Amino acid sequence: MSTSVVTVGAGMFADAVAGQAVDVERVDWRPPMPGTQDDLAAVATDRRRPEANRRAVEAMLGVTAHLVDVAPASEVLGLEKGQFLHAGPPIEWERTSGPLRGALMGGAALEGLVEDPEDAVALFESGSSVSLEPCHHRSAVGPMAGVVTPSMWMWVLEDRATGKRTYCSLNEGLGKVLRYGAYGPDVLTRLRWMGDVLGPLLQAAVRGTEEATDVTGILTQMLQMGDEAHNRNRAGTLMLLRDLSPAMVGSIEGGGFASKDVADVLRFVGGNDHFFLNLAMPACKLALDAGRDVPGSTMVVAMARNGTDFGIQVSGTGDQWFTGPAQVAEGLFLGDYGPDDANPDIGDSAITETAGIGGFAMATAPAIVRLVGGSVPDALATTRRMHEITLAENPRWSVPVLEFQGTPTGIDVSKVCRTGILPQINTGMAGAVAGVGQVGAGLVTPPAEIFPQALAALAQAVPGRSL
Amino acid sequence: MTTDHVELRSGAYADSVTLLQVSRAVQAAPGVVAAQVAMATGLNLEVLIGMGFEVPASSPNDMVVALRLEDDADVATALAAVDAALVPTRPSSGDTTQAPPRTTGSALRHGGPGAVVLVSVPGASATVEAMDALEAGHDVMVFSDNVPVAEEVALKTYAATRGALVMGPDCGTALLDGVGLGFANAVRPGRIGLVAASGTGCQQLLTLLHHAGATLDGVGVRHALGVGGRDLSSAVGGLATREALRRLDADADVDLVVVVSKPPAPEVAEALAREAEALSTLVELGLLGRGQRDLTAVAEAVLARLGHEAPQWPVHGADNTGPATGPLLRGLFVGGTLCDESMLMAAEALGPIRSNIPLSDDLALGEELIVDDHVMVDFGDDALTQGRAHPMIDPTLRNEQIARAAADPATGVILLDLVLGHGAEPDPAAHLAPAITAARSERAIPVIVSLVGTDLDPQGLDAQRDALVAAGAEVHLSNAAATRRALDLLSRTSGRTEGAHQ
Numbered sequence: 011m012s013t014s015v016v017t018v019g020a021g022m023f024a025d026a027v028a029g030q031a032v033d034v035e036r037v038d039w040r041p042p043m044p045g046t047q048d049d050l051a052a053v054a055t056d057r058r059r060p061e062a063n064r065r066a067v068e069a070m071l072g073v074t075a076h077l078v079d080v081a082p083a084s085e086v087l088g089l090e091k092g093q094f095l096h097a098g099p100p101i102e103w104e105r106t107s108g109p110l111r112g113a114l115m116g117g118a119a120l121e122g123l124v125e126d127p128e129d130a131v132a133l134f135e136s137g138s139s140v141s142l143e144p145c146h147h148r149s150a151v152g153p154m155a156g157v158v159t160p161s162m163w164m165w166v167l168e169d170r171a172t173g174k175r176t177y178c179s180l181n182e183g184l185g186k187v188l189r190y191g192a193y194g195p196d197v198l199t200r201l202r203w204m205g206d207v208l209g210p211l212l213q214a215a216v217r218g219t220e221e222a223t224d225v226t227g228i229l230t231q232m233l234q235m236g237d238e239a240h241n242r243n244r245a246g247t248l249m250l251l252r253d254l255s256p257a258m259v260g261s262i263e264g265g266g267f268a269s270k271d272v273a274d275v276l277r278f279v280g281g282n283d284h285f286f287l288n289l290a291m292p293a294c295k296l297a298l299d300a301g302r303d304v305p306g307s308t309m310v311v312a313m314a315r316n317g318t319d320f321g322i323q324v325s326g327t328g329d330q331w332f333t334g335p336a337q338v339a340e341g342l343f344l345g346d347y348g349p350d351d352a353n354p355d356i357g358d359s360a361i362t363e364t365a366g367i368g369g370f371a372m373a374t375a376p377a378i379v380r381l382v383g384g385s386v387p388d389a390l391a392t393t394r395r396m397h398e399i400t401l402a403e404n405p406r407w408s409v410p411v412l413e414f415q416g417t418p419t420g421i422d423v424s425k426v427c428r429t430g431i432l433p434q435i436n437t438g439m440a441g442a443v444a445g446v447g448q449v450g451a452g453l454v455t456p457p458a459e460i461f462p463q464a465l466a467a468l469a470q471a472v473p474g475r476s477l
Numbered sequence: 159m160t161t162d163h164v165e166l167r168s169g170a171y172a173d174s175v176t177l178l179q180v181s182r183a184v185q186a187a188p189g190v191v192a193a194q195v196a197m198a199t200g201l202n203l204e205v206l207i208g209m210g211f212e213v214p215a216s217s218p219n220d221m222v223v224a225l226r227l228e229d230d231a232d233v234a235t236a237l238a239a240v241d242a243a244l245v246p247t248r249p250s251s252g253d254t255t256q257a258p259p260r261t262t263g264s265a266l267r268h269g270g271p272g273a274v275v276l277v278s279v280p281g282a283s284a285t286v287e288a289m290d291a292l293e294a295g296h297d298v299m300v301f302s303d304n305v306p307v308a309e310e311v312a313l314k315t316y317a318a319t320r321g322a323l324v325m326g327p328d329c330g331t332a333l334l335d336g337v338g339l340g341f342a343n344a345v346r347p348g349r350i351g352l353v354a355a356s357g358t359g360c361q362q363l364l365t366l367l368h369h370a371g372a373t374l375d376g377v378g379v380r381h382a383l384g385v386g387g388r389d390l391s392s393a394v395g396g397l398a399t400r401e402a403l404r405r406l407d408a409d410a411d412v413d414l415v416v417v418v419s420k421p422p423a424p425e426v427a428e429a430l431a432r433e434a435e436a437l438s439t440l441v442e443l444g445l446l447g448r449g450q451r452d453l454t455a456v457a458e459a460v461l462a463r464l465g466h467e468a469p470q471w472p473v474h475g476a477d478n479t480g481p482a483t484g485p486l487l488r489g490l491f492v493g494g495t496l497c498d499e500s501m502l503m504a505a506e507a508l509g510p511i512r513s514n515i516p517l518s519d520d521l522a523l524g525e526e527l528i529v530d531d532h533v534m535v536d537f538g539d540d541a542l543t544q545g546r547a548h549p550m551i552d553p554t555l556r557n558e559q560i561a562r563a564a565a566d567p568a569t570g571v572i573l574l575d576l577v578l579g580h581g582a583e584p585d586p587a588a589h590l591a592p593a594i595t596a597a598r599s600e601r602a603i604p605v606i607v608s609l610v611g612t613d614l615d616p617q618g619l620d621a622q623r624d625a626l627v628a629a630g631a632e633v634h635l636s637n638a639a640a641t642r643r644a645l646d647l648l649s650r651t652s653g654r655t656e657g658a659h660q
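Chains A and B, in that order, are what the protein sequence lines are.
Heads up, the first sequence is in my numbering, so the first residue is 11 and it goes up one at a time.
Heads up, the second sequence is in my numbering, so the first residue is 159 and it goes up one at a time.
These are computed hints drawn from the structure, not numbers from a lab.
Honestly, I wouldn't trust all of these hints.
What the hints assert, rightly or not - Have a look at the derived ranges for each label pair, beta carbon to beta carbon:
(1) G169/B to F414/A: 33 to 39 Å
(2) G449/B to Q330/A: 35 to 41 Å
(3) S168/B to R380/A: 29 to 35 Å
(4) E433/B to G227/A: 53 to 59 Å
(5) E413/A to G210/B: 54 to 60 Å
(6) G210/B to L342/A: 18 to 24 Å
Unchecked claim - Derived list of chain B stretches under chain A, where covered just means 3 residues or more per stretch with a C-beta under 8 Å from a C-beta of chain A:
(7) 183-192
(8) 257-264
These numbers come from a predicted model, not from an experiment.
Glycine included, every Cβ here is placed at the ideal spot set by N, Cα and C.
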């Protein structure tokens, strides 16, 4: 009848089976997160769950993200003057951290709401004529502070099967940049150039490229070229340039763009290894959004941080955020900066880990393991460990060094609570003080307590719960 | 003077059996007077407090290391012994990036088809692991007890949609094509299939049929599918029994199916009888209960169905046994069904029996297990195993109560069981024999033992039996025969007592 035995629990029974010359695989079981046992049982026996998770995973894996346009946020998101999008779960000005404040202040100056960014503090404190809203509530994602204002140009990605779209701003590069909370004159000058030159030229290039760029396809390739698509996007950026360069050059004659501007844009994009991150993120969001709102599904559909709170959303619990305090990353610091200078974790970029890349695909990016303070064996172990808390493997996104195993996909709230293994996120670190910018990069995890919170809500939602 | 050292290790975990072995290993370390390494469950804390340790505030997920040391002993040395004993003996593949799976689902993700899953985690977590197995389409045996009945129904209902079998919860024994899971005896394969809602009931049948099969062709058990003690209750309605019957009926190598269960719900028993009629394979129903046959009688009926006469069931050490030393019966069992079987027989002869698994609620025992009345205790019952190992592995609790029964002058006969097989202690008689010797040291109290085992069991039936006989016990293979013998001894005493009154 049986060929082999899997044991979970007392080692003695595994020994007894092994003693009969039968193959035994032993589960390294440990007690679940404290206080979760009843909710775990309720969710495990929710009749909807197996099918719900299968549907959520299939929907997510079925999405191909195409780059269809570049346009100002005012046009594509309907964002109006005084409306600010930010990374992470909802937050009010009083609770914002340094880097988010700095980015909002810079954004206010960019939109002409104030002359001097410093004057924006009073504006946000008054709360009149300004409003804050998460990017996620507008089908968008933003790295680090994630501040989006009406004049910023956005990538527009589309799932052609459904017509659904997601959005992300254009990447400014590293160092003193708005998304890390810097708002000096250089930062604003660069942002204005991005609005005046970079955005329009990219729009012309995207609209002038016959075959829309398959962002999901580029992700497939870059994962085999040493990028994990969160802290390393070098191959992805170059492939994007490859796709868009002909139309960019063509726009000099066809669209009246200056050749100097084209050269500046090519230099800017080519010189920013993170440029593709802002395409990887909305591609991940587009896939994850397809897995949203499946009743009974325990799959995480968003992980996001605003610099104060870390929040997750789960397929089976709609738009509800489960939040806890954002943690400070561990890793390497730039220059003289140290752990005391770092702000807690910030940004929507953990959408990459939510989709199974970034820290989850660390094994495929050995080139950057030292940047985030790890070793190559750590990287292999991390990716393997993430398979313990995920529902599936992505057949398109695979890791050559792990025998082309698919990336760990679809974080399962139940499995996180069962194993106590937290999602591993690769991240940049912003300075805690507004205006400083980036201070380092490293590894971080969500606060553990948000998973039992989400699990409790899933258990509450089980129909006819009688357990 | 001794000194105590108590520390909590948050986040450390090992199962109760492993910790028992760790505690034993540390006790043997130089300078250690007493040692207890255990998870901080309510029961274990009681044990620690009983040992005189002061334990700081803790949660059940903390591991407690409690050491009592000779005053000149080195704490660091003792702690090193703890750490050494706690290191898992898992074979290493050499690849440090390949960690073992942390959930059943993970283990099954790349496993071959047909793997059977054996779940023995604490009951509160068993359902979650079992669901992983069912979702992946695998059969699962749930050894864990303390699983809510609603979860059992949910598991078995889902299993039916997947064509999978749930053996359990609280399933002690299964035998799949000769492979024993949990507590299972090593037997010669034959053409009989068992469906058992009772672990030790299943083991009794396995051992009786194995004994008879020594000289009879084809008599022996091929598969024994456990279904869990509650499967034939109204709440569960025989969901697993139905699937097990379907499997065995479809197996061309099975000529006869025996269903053995603790007392079932009447309507479930009726439905089961109707379904058994409809199968193409012969079915013998061995459902225990008042007025029903005992397990030995069921084994004899099986032999008769196959055209054989029942053998003489073996008895050893009958010379050890003198008259009962008092009016009361003390039955102290590790096997729940064996306890049930003896209690049903004894109740007919002696009247009401007090028990922790009583025949009626008014006969329930409280904290005190040895009371001034006939007593039958099942040490494997949920309430007595919460947070500690099964008595087949940890004999401490039963041995204590054997001593208490022996000290009571009203004790007339002590009735025990001892179960061998895979999963049981390597040498259980070595723990029980001294307890029997001690019990008989003051007065020659008759100690009757049903020894459930086979000559193929890893412990060796003969050696175990000889050790018990040498300690003064009378040893039977048939629990019913052992019980009858105990009752016979008591009836002769009461006969004499009545005679004295006349």
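Evaluated hints:
no.	hint	result
1	G169/B to F414/A: 33 to 39 Å	holds (35 Å)
2	G449/B to Q330/A: 35 to 41 Å	violated (58 Å)
3	S168/B to R380/A: 29 to 35 Å	holds (32 Å)
4	E433/B to G227/A: 53 to 59 Å	holds (56 Å)
5	E413/A to G210/B: 54 to 60 Å	holds (56 Å)
6	G210/B to L342/A: 18 to 24 Å	violated (51 Å)
7	183-192	violated (count 0)
8	257-264	holds (count 8)
Violated hints, listed in ascending order, are 2, 6 and 7; each of the other numbered hints is respected by the structure.
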